[in-house]
Structure formats: C-alpha cells, structure tokens
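**Student:** Protein sequence lines correspond, in order, to chains F and H. Under the working numbering, the first residue of the first sequence is numbered 1, with each subsequent residue one higher. Under the working numbering, the first residue of the second sequence is numbered 145, with each subsequent residue one higher.
Treat the hints as calculated values from the structure; they're not laboratory data. Among the clues, some could well be false.
Label pairs and their computed distance ranges (CB to CB) [unchecked claim]:
| no. | chain 1 | residue 1 | chain 2 | residue 2 | range |
| --- | --- | --- | --- | --- | --- |
| 1 | F | R68 | H | F323 | 32 to 42 Å |
| 2 | H | F485 | F | Y52 | 17 to 27 Å |
| 3 | F | I72 | H | I529 | 16 to 26 Å |
| 4 | H | R470 | F | T75 | 16 to 26 Å |
Glycine included, every Cβ here is placed at the ideal spot set by N, Cα and C.
Take a look at the letters that make up each chain.
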Amino acid sequence: MYVSHLLVIVALVAVAVFSGMFLKDVSMLVTYIICGCVAALSLFLLVRPVLYYRFYRYIITDDRIDVRQGVIVRTHTVVPIERLHQVEVVRGPINGFFGLANVNVTTAGGVAKIKFLENDVAESIVDGLNEVINKIVRERNQDA
Amino acid sequence: MLETPTRNHPTVVLSRVLAVALIMALVSIGYVAEGTYELIWGSVAIIALSSIVLFIFWAKTAIHATDTELISEFNFIVRKMKAVPYSKIASVNVIRTLPNRIFGTATVQVNINSSINAARPEISICLKNDLANQVRNELSARIYGLNYSAEQEQVYESSIVLTNRDAILHGLFGTSSWFFISSLFFTALSVVFIVFESAGDMMGLISTSLLFALSFLIPMIAMIIRYYNFRVYRLGDTIYLQHGAIQLYKTSFKVNKINSVRIKRTFFARLMNKACLEVDVVGINATQDTTPVLCILTSMDNIDKLMRNVVPDFIYENEGRRQPGRAAIPWLMKAFWASLFTALVYAYPVWFLFMGDVSSLNLVDWVIDPLRVIVVGSFVFLVLIYFGAAHLGFNNNRLDVGKDMFMFETGIIDRVRTVMQYDRSQIVDVVAWPSARRLGLARCKVSMLSSSGHSVSMSGYYPVEELEVIGEEVLDRIEDGRYDYKKSTF
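Start from the sequences, fold in the hints, and give me the full structure.
**Tutor:** Structure below.
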C-alpha cells in the first residue's frame, strides 16, 4: 500500500510542478492552491496505510465473511458464505513483489475483497472457502 | 419445434448487410464531398467482405431443441456449442424490430440466470413471426408448464387498464426529474439561440435544433414508442409483459425471479399522484430492459391494484420510520462540504471579477456588473440547492425491517420505495462517514443480483445497530432453514 501510494504521490507532485510552471505567470494564487491540495493529499496518502492497517479487520466463520475497513469512511461488509459463487486469489505486480495477495469473493450481487494478505494465508483462505462451498453443493446434490 | 437444427431466417443476413451498406454510404458521402472517389471502392469492398462473413455465420449457425435443453451450434474453423437446460432459463422474449416487421419475422431471445451474460441473451434466433411465437409458447410450456397459442394470448386482458395516454405521460414524466429539467434547460437554451442568435445563421440553427432533438425530443419519443400498447398480466406463477409501437417486446418470467420491487415517483408524477412500478428480475435481457417496467406511469390506485394482482408477495404495508433527528447533522455536513468545494472553485473567478484586472477581459463596461451578479448569484443558488437537498434528504428517507422483507424509501426530488427480500440479498454493507459515525449512525448498502448484472440500494442514516439487523437476519434465515435454496433464482 505504501508503494502504490508513493507512486500516486510522485504523480501528484509532477502535476503540481508542471501546473506551477505553466500557471506562475497567470496567477500565483491558483498555484498555491494546487500545491496546498497536493501537499495535503500527499500527507494523507503517507498516513493512510498506517490508519488503514489499524482499522482493518476481517473474520471468516462457518456462515459468513465479515470485513471492517476504511479510514475516513468505515464500512462493515457481511457476505453470507452460502451466497459465494467464486473465490479467487489476485496478485498485482506490487503485491506480488512483497509476497502479498488479495482474496476476491464473488457473489451474484458483486465482489467483496479481503486485501493485503500474505500469500500462504490467502491460499489457505481460498482452500477453506472452496471446501465450504463444495460441502454445500454436495449436501444439495444429496438432497436432490 | 426446432427438433432439427434450424438456421436464422435468411433476412437476418440481408438486414445486417443493409445496415453495413447504410453506414458505408454515409461515410462515402464524405469521400464524394472531398472528391476522393477512389475511396468509395474501399466502402464497396467492406460491404462485400461483411456480406461474406455474415453469410458464413448464418450458414454455419444452427439451433435445435432436445427434451431437456436448447442447443446452439457454430461450426466453421472452430466448433462452438452452447447448451442451455430448460431448468436454467429465466425468461423467453419475442422481439419484433422494424426490419423484423418489414420481413415478417420475429426474434426469440432466451436468457438465463447469470449476471455475466445479463447484457445479452444466451441464445437468439430469428424466425418467421408465427413460428417464433410458436417456439416461445412451447418453450414457455416447458419452463412454466403453461400451454397456449398466440391467438389465446391476445385474449388475456391486462391486469390493469393502461391507455396510450399513460404511455405518453410515462415518456414525458417517467424519467428522472433531473433529466427532465436539464432537457428543458437545453430546450430553452436552443429556443433562445434560435430566436436571438441564429438569425441568418443556418449552422447555428441546425446545431441548436439538434441539441433540442437529442436532449429532449428523441429520448421522449423513443420512450413513448417503447411503452406504447402496454400490457401486463399474470397466469399462474408467470408474469407476461408486452409493449411497443414499432418494436414489439414480449417477455415472460416467473414471479420467483423477482428480487425487488421499486415504486418510483418522480417529482412531476407526484404532482399528478401517479407512480410507475419497476422490478429487478434475474435473467431478463438487459439490452432491452435494463430494469423491467412492470407498470408505466399510472394512478396510485392502479399501482395498488396491479401489486395485488401480479406481485402480492411484495406488498409492504408499513410506511417505514423516518431518520432519527440527529441524522440531520450528516446531511447538513454533506451540504457544507459541497458548498466549501464550490466556494474553492468559485474563489478565483470571484476574486478576479472584484479585485483583479477586469480590463484584461476586453469586455464592454456595462457587462462587468451583470457578470459579477451572475457569478455570485449562481454560487448562492448552488449553496441553496445543496442545503435544500439536505433538508429533503433528511425528511424523505424511510426504513422498515419486516419479517420476510425490508424496505428503503429514498430520494430527494424523485422518490423510490424499494421492497427487497432478505433471501435475495447478496452482500450487506454498513457504511459510516465520519460525521455520521460520531453520532452512531450509518447507511446500509444492499447488493443484489439484477437484470443488468447487480443492483445496489442505499438507505438513509440510521443507528448502526438497526442496520446490522438486516445482515444478521439474512444469516439467521440461512442458518435456521427459512431460506430455501430450491426457491432461489441462482
């Protein structure tokens, strides 16, 4: 998360520098406003990973996946395991470099994510969830 | 019916080739205007090539039905076979587009319970009109256990009487009020331009007329044509919808495919004490009906009658609770932040107009003062809108948590009452912004499978513990067996 945020900060600073170069002759006020916004946003992006980690919680029980996350906007997501259609491990290039992965759980109504897990933890979660889903399917087949 | 492999009607190739030819003819007009006649041969080559490709696709695609499934096969270089078991079919539609009417054909579209394929039908076949209706009826007989002919179908009366006047009103006032007001704004702009600016300016007149047509006239007429001759009725567990003036749209789906019901009352509809009814149905072709309209704009009495006759399971008697008094604070905070952001955007123009070197604008002197009034006035107007919206948002939201269903009533200018079943909820989010969190409030976001993939409904601000009841109830119903997966649509 730090790395992806640093990349965003670099892009923001580049935007501020370029806009400063072009706008300094037009209005210094606008340049100051842009620089101020970039500085505030960069500061937030630097602090966000710590806060994100502090507030992030997930738990997987027999019947649900429960995720609590968010720094400014806090979200509590409840996904009944019975509703799962698909479970997958997703590794982006930055996550992959640091041995991390996300678990995406797909239901008929959308996707819920458990983010920034260590690879082996992500794999074990997916294995566990697949086992539960298969158990549900087997039980239903027996019923039928 | 389709016992042997059957191809699409050959006019499918013809109509598609004609469509390509029409596009290329429009492109070629540019070549002619530029005098580059040799490029027209390129257009001819594209038409010829597409004719060959379309012919091959037509010749090598066939559909047939077995006792248990409908099979579509394509066999040219690669072999593709798609089998759809009758048990997985969610809806069967018959569509008659303008080319279909010209050639005396109709297209049967078969949709399944899938969010991935929601945007287009799983299997589609164009046949002679009578054969298409026969195929639809036989498929309906297999799926819904009902057997009737196209002639019998005409006999069934609509559950409520809807006239074409209702279709016209729906075309005018059935869309969101924001869309209607913005369309009126553009229309007024066009009229002003035509009257004051475009005297003698033909290009200006054409462009403003186009703006008026695209923003108001065409969408309105398209909507009226689409919902003309609207009929809705229920036979057994199946709901039938039929509408359309030029393109006829017929669909049928089982009641248990409905995930939620929405009573929509736009601002203008409320003035007339009217509403329209929409349903989220799994497996209806979203390209035709993103959210199927179960009833076009009609009186509230008619809506009540239709709900009693067609979707009685979704009748929700409770009016719902308003948001608690402290919920006014997050709404006001939203308006405050929006105003602050707008103030930042306006800061420079206002500073420039009052303190800057206005002469650099090269404007006539008498324009400056009205310009200042317009800029400051528009800022004040926007701030008033934000706070007005906050006031309405606080007053209009309702929530009720029932035994088998729950209800959100939302909206600022247009009001939407959404009745949802716990058993169809897929993901439940409780979302809290800082201003709400400090007061122990949050909003509830419920994701469901819908005709267009998935849909989301959002409540107003309520105590967190009251909203978490929804997710807990979903889980409890699974746990104690009240949720029966056999009745589920997925």
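**Student:** None of the hints should be skipped; say for each whether it holds.
**Tutor:** Structure-based check of each hint:
no.	hint	verdict
1	R68/F - F323/H: 32 to 42 Å	37 Å, holds
2	F485/H - Y52/F: 17 to 27 Å	24 Å, holds
3	I72/F - I529/H: 16 to 26 Å	25 Å, holds
4	R470/H - T75/F: 16 to 26 Å	21 Å, holds
Every hint from the earlier list agrees with this structure, and none is contradicted.
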